[in-house]
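**Q** Chain by chain, the residues:
2 protein chains.
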Amino acid sequence: MSVDVTRLENGFRVATDRMDHVETAAIGVWVGVGARHESPRLNGISHMLEHMAFKGTARRSAEAIVNEVESVGGQINAYTSRENTAYYLRVLADDVPLAVDILADILQHSAFDAGELERERAVILQEIGQCTDTPDDLVFDQFQEAAYPGQALGRSILGTAENVRGLDRAALADYMAIQYGADRMVLAASGKVDHRELVGLAIDAFGGLGALGAPQAEPARYLGGHHGERRELEQLHLVLGYDGLAYDDPDFYTMGALSSLLGGGMSSRLFQEVREKRGLVYSIYTFSTAYRDGGLFGLYAGTGPDEVRELMPVVMEQLAAIGGTVTAEELARVRAQLKSGLLMAMENTRARAERLAQHLLIFGRPIPLAEIVERIDAVDSAAIDRLAAKVFAGAPTLAALGPMGENESVAGWAARASAAE
Amino acid sequence: MSVDVTRLENGFRVATDRMDHVETAAIGVWVGVGARHESPRLNGISHMLEHMAFKGTARRSAEAIVNEVESVGGQINAYTSRENTAYYLRVLADDVPLAVDILADILQHSAFDAGELERERAVILQEIGQCTDTPDDLVFDQFQEAAYPGQALGRSILGTAENVRGLDRAALADYMAIQYGADRMVLAASGKVDHRELVGLAIDAFGGLGALGAPQAEPARYLGGHHGERRELEQLHLVLGYDGLAYDDPDFYTMGALSSLLGGGMSSRLFQEVREKRGLVYSIYTFSTAYRDGGLFGLYAGTGPDEVRELMPVVMEQLAAIGGTVTAEELARVRAQLKSGLLMAMENTRARAERLAQHLLIFGRPIPLAEIVERIDAVDSAAIDRLAAKVFAGAPTLAALGPMGENESVAGWAARASAAE
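In order, the protein sequences belong to chains E and X.
So that you can map any letter, position 19 of the first sequence is 18 in the numbering used here, and since no number is skipped, the others follow by simple counting.
So that you can map any letter, position 38 of the second sequence is 37 in the numbering used here, and since no number is skipped, the others follow by simple counting.
It cannot be assumed that every hint is accurate.
Lysine-lysine pairs mimicking DSS-like chemistry, simulated, CA-CA at most 27 Å apart [stated by the list, open to error]:
(1) E/Lys-338 to X/Lys-389
(2) E/Lys-191 to X/Lys-338
(3) X/Lys-338 to X/Lys-389
(4) X/Lys-191 to E/Lys-191
Just so you know, these hints were derived from the structure itself, not from any lab.
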């Protein structure tokens, strides 16, 4: 592995994963702060801060930020998740110093101009509208809230429209001052980058930032539940899930294998049974989401209002049928899928930079590929059986959005999902 | 460039773009046949054929096809566009022979089993439902139909539900026999592949396929028009467009520059004016779609029912304001964006294989990167002015889906879009 990590005195980490045969670099700052660190009143502020980072600094107007990047053919973007906020660029190798300068500027010297803030509120309200209009996005927010009711981890990343209308400059500046500590940040780069050069740039650009210790977050308390919304749509959009595993769980890769086995590809059990053998869906897939503490395992299916009656029992059957049925062939297949997925991601600068940053934020060290491969190879069918039994014995969470018959209810399906155990 | 092309006796082409520093390969067959080659009665058959290719062959069951690929950690997928149908895999280097064997099998020996066909109809009907539920997908189908009314190029790729219910085994087998000629196919691979080895495999696997000459298609006759659908949504989803350029148009890269200038990034004029200065949208971007003859230039915006009154005139103003206003800085920026976009795509095996296949289908030869860079550098502001004047003088096409006020209509906006010239 070509990975180097340096920790500055203030706790800010610089990590590079050099690739000698590309001409570009992916570079960004991953901050270990996101929607789960927000109080109810501040829900949406991490995401609003991410937007406002692009709206001007002491030295640069909003337009100057994107002009400087795009005039050299670079790209800049950002995202907010429940545990992280990321700001990243893709640039030609020569423009890495520019990228660091811009990252440092937008993360430390945001102007929070009043006029820009008003306009950006309107943009975020449009973003919320877009999410609301996209049923297979919205149903995931409804699922998250049902899984972690009344908790920060259950709230949406975009926040409520009311909060977006109300958050002011002082709240944003305070939140940044309280949350954006040097020791919660990783500057990660992959591609044509030189580690020593990047460390030099980082010392100048981020060396003056203070440390804040680990961010506060209420522990994840998965409760489960259900949420249904009748809407005139062609499809009923369903997310069914269970309590999952944290990043550092010894069974983390067993969960990956279970997810892959059930819904990770076209050969997976759910895809075969629900789509290929019965034609009940176009899309069905599983997901496994990990947090620092806890996680979610679940599946999405988009089906018709008539087809759902056949789909729900079939899905429950498939979940219940894991124990004692995982064949050697299936095990070999899911291992191969997990390992080749890793290898393929290694060909992408952005994916490598992101993985490196995540490893540092979560584990405090880069995890070598060989170590992950070893853990994947150690997954056996007994471990999958044990994990499936544990996961599916827990309380289910069900979110459904779309057309539903008069006599059908999400509560009824959820009850049957519980009773299936 | 590390590109090699070999034409077999039957006109089947094999093309490789070797990358020495990766461990995987992207490989697929691109067929120069798509939705625009369909009669109204057969609309949707290219896409249905693409689905049925995965549903079993003389030698393999549907499950065996995906099992063989995924058990070695590979991925297989396909798509249908208006001019092409593509079947492609991503595999470890050692599995290239398996990939060729599977591609050859599904493209020449499809079983079209009756039971599989019935189930796949249901899957495609769900896919149509999913598209209908996704406003920013559906509005593009409505735009396409308004731009090319009554023509194959205006019809949806998925086809009508009625057609999907009615197409039978004989229609599929006939369509494949009539359309899938060796001389309409390119086997393209990028990554860790050896050209001579691939040619050897292709001779064995595709050497017996007959040639069919160029496929028949009615010429693209852009007419323009408008289509509005009131729907209870948060956002009004708008696509506004004009007659565009074919792949072989001398102004092809001028169009790329015009598109980039107007809506190709965060520094683009529409993004700056509509989102950054006015906060009217979350998403706004331009697109330039080319066909063998003709093309489309347009923009998408997702806005609110109140904001649309301000948005439409601002957008029209921006389109009308190109002439004489393109600065040297803007020109340098869009050139840099186009060139770095090319360079970044070169780092991706899938993107390289796809581009190589497209060049062979459209131009009959791979286009060297240097040639494209030269054409981008030749774009000047006078050419952009000329092209903008020509494009925006033509009849507009407007599709709108979402909430609209009582006194507002898509016809009215379209009339104002025309009158703006």
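**Q** Out of the numbered hints, which ones does the structure contradict?
**A** When the structure is compared with the hints, only number 1 turns out to be violated.
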